[in-house]
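**Student:** Residues per chain are reported as follows:
There are 2 protein chains.
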Amino acid sequence: MSTHPFDAAVALNATGENCWQGRTSPDYANFIGPYGGIIAAQALNAVMLHPQRLGEPIAFTVNFAAAIADGTFEARARPARTNRSTQHWIVELLQDGQAVTTATVMTAIRRDTWNGDEAAMPAAPPAPEVTPPQHPARVAWVKRYDMRFIDGGVPYPWDGQDQGHSRTALWVRDNPPRALDFPSLTAMADIFFPRVWLRRGKPSVVGTVTMTVYFHADGAQLQAAGTGYLLGQAQGQGFRNGYFDHAGHLWSESGVLLATTHQLVYFKE
Amino acid sequence: MSTHPFDAAVALNATGENCWQGRTSPDYANFIGPYGGIIAAQALNAVMLHPQRLGEPIAFTVNFAAAIADGTFEARARPARTNRSTQHWIVELLQDGQAVTTATVMTAIRRDTWNGDEAAMPAAPPAPEVTPPQHPARVAWVKRYDMRFIDGGVPYPWDGQDQGHSRTALWVRDNPPRALDFPSLTAMADIFFPRVWLRRGKPSVVGTVTMTVYFHADGAQLQAAGTGYLLGQAQGQGFRNGYFDHAGHLWSESGVLLATTHQLVYFKE
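Going down the list, the protein sequences come from chains W and F. For the first sequence, this note's numbering begins at 1 and goes up steadily by one. For the second sequence, this note's numbering begins at 1 and goes up steadily by one.
If you're looking for bench data, these hints aren't it; they were derived computationally from the structure. Possibly wrong hints are sitting among the right ones.
What the hints assert, rightly or not - Pulled from the structure, derived: some chain F residues nowhere near chain W, Cβ distances all over 12 Å: (1) E17; (2) A29; (3) A108; (4) P126; (5) A127; (6) E129; (7) Y156.
Unchecked claim - Computed spacing ranges between beta-carbons, pair by pair: (8) H165/W - R84/F: 29 to 39 Å; (9) G164/F - A179/W: 33 to 43 Å; (10) D96/F - K268/W: 39 to 49 Å; (11) P157/W - A120/F: 22 to 32 Å; (12) G164/W - P128/F: 28 to 38 Å; (13) D7/W - D146/F: 46 to 56 Å.
Backbone N, C-alpha and C define an ideal beta-carbon position, used for all residues, glycine too.
Kindly generate the complete structure, drawing on both the sequences and the hints.
**Tutor:** In structure tokens form, the structure reads like this:
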């Protein structure tokens, strides 16, 4: 039995057909409620554990509908449509009978085809040569990731200057290291600190409201990535009237594009 | 009463609480079933028409779960969570009681904040100076859009060469022109022909399986875009084992980023 905090955090106990109970983990606490990535992984895990699941995840969208209070939550996952080689899921996490998270998941049985990725991993020094941030983590979940910023780290001290861009590249893996799987890759898709902080050189109240992950890697390619670092890159696209989005990519240490991801984030001012 | 084919295509008749009936439109027929963009617009419209809707769409994900047969379908839209200024919706389109499409929609009341888009519109000659494709449309929906390819048009004749990239830029608007709104912008987010056709210089069996749209523009900015052309740009990211994704952007004729969009597409070989 794994004792890795990630496995404990995403664990779900079956309570009925299409129903599970989960629990927030103090190991992945954020400023308010859990790290979004761990909520995403919990929502995906309801599908991963479902006895009717067909194939592996290929697309995942999670909507963070309300703050999750510390404690237990109910997870509901139902197959809305099952085809011969694809399946579509609707997932909800609830507290007090109210949805706090909604998600859709598509799973599929994949087969060999022509391959030809266009999103190339940027040049980067090897992870061990990049120094981790020296300032102490202010929230628990940050300690659960070994992050090494290649470019566009958190701008300490805050200088309040518009940097003109919000592009970050970093090496990241679980801390302690853990073999990559679909839930942990999903969690790491949310690793990028808010682009508006980087762009403006100052912190502000933010919260991701929705995130989508497309899985280019299958289970075998995740297994090949093992406990190695991932290279993550993200950049903001539009910042307007309280919301901004970013586009992100995650490659394995050896340069295989594992996932592409996008999210929309609320910002207060 | 509008007689524009788009309005007829996305029309829904209320049949009960959270329930509508819609109908496929021959004006937007694709090779098999309707154009994905029109299905997306129909799913969004169930939220637009809902009496409990709060604010305007800011994020939308649609999953094309199964082929839609010509004829009627049921649309179900329910608010899964309503907050003070945001709302989360779950939508399903059904035929014969089976889900053919699932979607999630986030709506919000937006307010003025710092703005600073990073995704800049590429340079392009004015739309009237760009010649529309001369080959006849093989499916109905293509006739419903005035498309003028600036770069990366459909490669006729097919040369079977790997072009090394799959980037397209085009001007697009409804044909005949129609004032932009959230459903029509959503439909145009699916305007990009399959990236794998462009990349490989040959046609293949494809089908979008999921699409996400983030709306950077509010209703006033859509109104300002009016009946002008939009500039759309898209590029594939990963092509592997039967699925590829692309990242896309839509700007107004005057250069305002209206939406960012991503989709995952099945391809046969």
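**Student:** Each hint should be assessed against the structure and marked as holding or not.
**Tutor:** Going down the list of hints, with the structure as the test:
| no. | hint | result |
| --- | --- | --- |
| 1 | E17 | 18 Å, holds |
| 2 | A29 | 22 Å, holds |
| 3 | A108 | 7 Å, violated |
| 4 | P126 | 24 Å, holds |
| 5 | A127 | 22 Å, holds |
| 6 | E129 | 27 Å, holds |
| 7 | Y156 | 21 Å, holds |
| 8 | H165/W - R84/F: 29 to 39 Å | 33 Å, holds |
| 9 | G164/F - A179/W: 33 to 43 Å | 34 Å, holds |
| 10 | D96/F - K268/W: 39 to 49 Å | 46 Å, holds |
| 11 | P157/W - A120/F: 22 to 32 Å | 29 Å, holds |
| 12 | G164/W - P128/F: 28 to 38 Å | 33 Å, holds |
| 13 | D7/W - D146/F: 46 to 56 Å | 54 Å, holds |
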